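Under the working numbering, the first residue of the sequence shown is numbered 0, with each subsequent residue one higher.
None of these hints come from the bench; they were simulated from the model.
None of the values given here were measured: they were computed from a predicted structure.
One or more of the hints may lead you astray.
Below 16 Å or equal to it, Euclidean Cα-Cα: the simulated EDC-like pairs (lysine to aspartate or glutamate) are [as the list claims (entries may be wrong)]:
no.: 1; residue 1: 84; residue 2: 96
no.: 2; residue 1: 260; residue 2: 149
no.: 3; residue 1: 260; residue 2: 126
no.: 4; residue 1: 67; residue 2: 126
no.: 5; residue 1: 272; residue 2: 104
no.: 6; residue 1: 217; residue 2: 186
no.: 7; residue 1: 217; residue 2: 241
no.: 8; residue 1: 277; residue 2: 104
no.: 9; residue 1: 163; residue 2: 241
no.: 10; residue 1: 283; residue 2: 96
no.: 11; residue 1: 217; residue 2: 164
no.: 12; residue 1: 163; residue 2: 104
no.: 13; residue 1: 180; residue 2: 164
no.: 14; residue 1: 272; residue 2: 96
no.: 15; residue 1: 272; residue 2: 149
Each pair of labels, with its calculated beta carbon distance range [as the list claims (entries may be wrong)]:
no.: 16; residue 1: 90; residue 2: 216; range: 19 to 29 Å
no.: 17; residue 1: 209; residue 2: 57; range: 37 to 47 Å
no.: 18; residue 1: 139; residue 2: 118; range: 11 to 21 Å
no.: 19; residue 1: 277; residue 2: 246; range: 23 to 33 Å
no.: 20; residue 1: 110; residue 2: 271; range: 20 to 30 Å
no.: 21; residue 1: 127; residue 2: 218; range: 35 to 45 Å
no.: 22; residue 1: 57; residue 2: 207; range: 42 to 52 Å
no.: 23; residue 1: 121; residue 2: 172; range: 48 to 58 Å
no.: 24; residue 1: 217; residue 2: 58; range: 45 to 55 Å
no.: 25; residue 1: 216; residue 2: 115; range: 17 to 27 Å
For every residue, glycine included, the Cβ atom is placed at its ideal position computed from N, Cα and C.
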Amino acid sequence: MHRTIAEAPHSLTRVSQRENMMRCLLKGVRRRVVLLCLSVFALSCSTPYNPTLPPSPVAPPPSGSLLKSQLRIGVSPDYEPLAYKDKPLGLVGIEVDFANQLGKELGKEIVFVEIPFPELIKALLEERVDIIMSGMSITNERARLVNFTDPYSRNGQMALVRAKDVPSYPNVAAFLSTTGKIGFVQDTTGELAARGVFKRATVAPQPTISQGIGALRKGEIDVFIHDAPTIWRVAGNPNEKELGGLYWPLTEENLAWAVRKSDEPLRFALNSKLAEWKDNGRLKLIITRWVNVKFWAQ
0 MHRTIAEAPH
10 SLTRVSQREN
20 MMRCLLKGVR
30 RRVVLLCLSV
40 FALSCSTPYN
50 PTLPPSPVAP
60 PPSGSLLKSQ
70 LRIGVSPDYE
80 PLAYKDKPLG
90 LVGIEVDFAN
100 QLGKELGKEI
110 VFVEIPFPEL
120 IKALLEERVD
130 IIMSGMSITN
140 ERARLVNFTD
150 PYSRNGQMAL
160 VRAKDVPSYP
170 NVAAFLSTTG
180 KIGFVQDTTG
190 ELAARGVFKR
200 ATVAPQPTIS
210 QGIGALRKGE
220 IDVFIHDAPT
230 IWRVAGNPNE
240 KELGGLYWPL
250 TEENLAWAVR
260 KSDEPLRFAL
270 NSKLAEWKDN
280 GRLKLIITRW
290 VNVKFWAQ
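Throw the hints in and build the complete structure from the sequences for me.
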């Protein structure tokens, strides 16, 4: 039913009264909210913030290789400065120093078992070795077969070229578009990088690092791809006149140690030592003996 004109003023008066009542109620609510906020703010200022830290990981019960008095280290001694043969000294390198230090701190006898790099994982799975310590990069394919420790270094693949050819590669684009011969060691991440990033080049697999570097010197290949420490070692040698390094990382890789998936207590112990060495500086100290540490990403 429609209101008459005479009824309208009374209706408007009732509406105005309701609006005034609502305004008063809202003011009261706002006042209480402000007071509550001030109270909470005062409490937050007077009470120190104590975040709950995540619990430290619990060491699994000792079992498997960790219970043995001897740890067999699988190593491929053809990767200077990580692991290689020195005529007067024998087996030396970063990984060798790591293993010997682990032996001291874990109370284990260290036995090095020399195995070609492509056969290291097979040897681990067949229980011929307990740990792979040989400059192995973490890859998805490898991680399906073994368990890796936390990385002890982060670097990648780089390129070695003849010194006279360095000006031919003023930037990454020019380098990646090369049509020359690209050398790498078979069955390594260097091969993955070479086949993956050079679309116009001819690939030329090499049996070993030394043979790859030799092929570069003789002009049989134009580029040799390998892990960054190899490129730093060769190109950084002050007596090296023939070869030069291109220091663009072609990949991003993590170097780590590998154990069997059933050897979680051993992996936990190795990770604990790595964390300790990073904190006390021992990791950096060992690496510095072999490589100028300003180049080595940790």
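Each hint, compared with the structure:
no., hint, verdict
1, 84 x 96, "holds, 13 Å"
2, 260 x 149, "holds, 14 Å"
3, 260 x 126, "holds, 12 Å"
4, 67 x 126, "holds, 13 Å"
5, 272 x 104, "holds, 8 Å"
6, 217 x 186, "violated, 23 Å"
7, 217 x 241, "holds, 10 Å"
8, 277 x 104, "holds, 15 Å"
9, 163 x 241, "holds, 8 Å"
10, 283 x 96, "holds, 12 Å"
11, 217 x 164, "holds, 14 Å"
12, 163 x 104, "violated, 48 Å"
13, 180 x 164, "holds, 13 Å"
14, 272 x 96, "holds, 14 Å"
15, 272 x 149, "holds, 10 Å"
16, 90 x 216: 19 to 29 Å, "holds, 26 Å"
17, 209 x 57: 37 to 47 Å, "holds, 46 Å"
18, 139 x 118: 11 to 21 Å, "holds, 20 Å"
19, 277 x 246: 23 to 33 Å, "holds, 25 Å"
20, 110 x 271: 20 to 30 Å, "holds, 22 Å"
21, 127 x 218: 35 to 45 Å, "holds, 40 Å"
22, 57 x 207: 42 to 52 Å, "holds, 43 Å"
23, 121 x 172: 48 to 58 Å, "violated, 39 Å"
24, 217 x 58: 45 to 55 Å, "holds, 53 Å"
25, 216 x 115: 17 to 27 Å, "holds, 24 Å"
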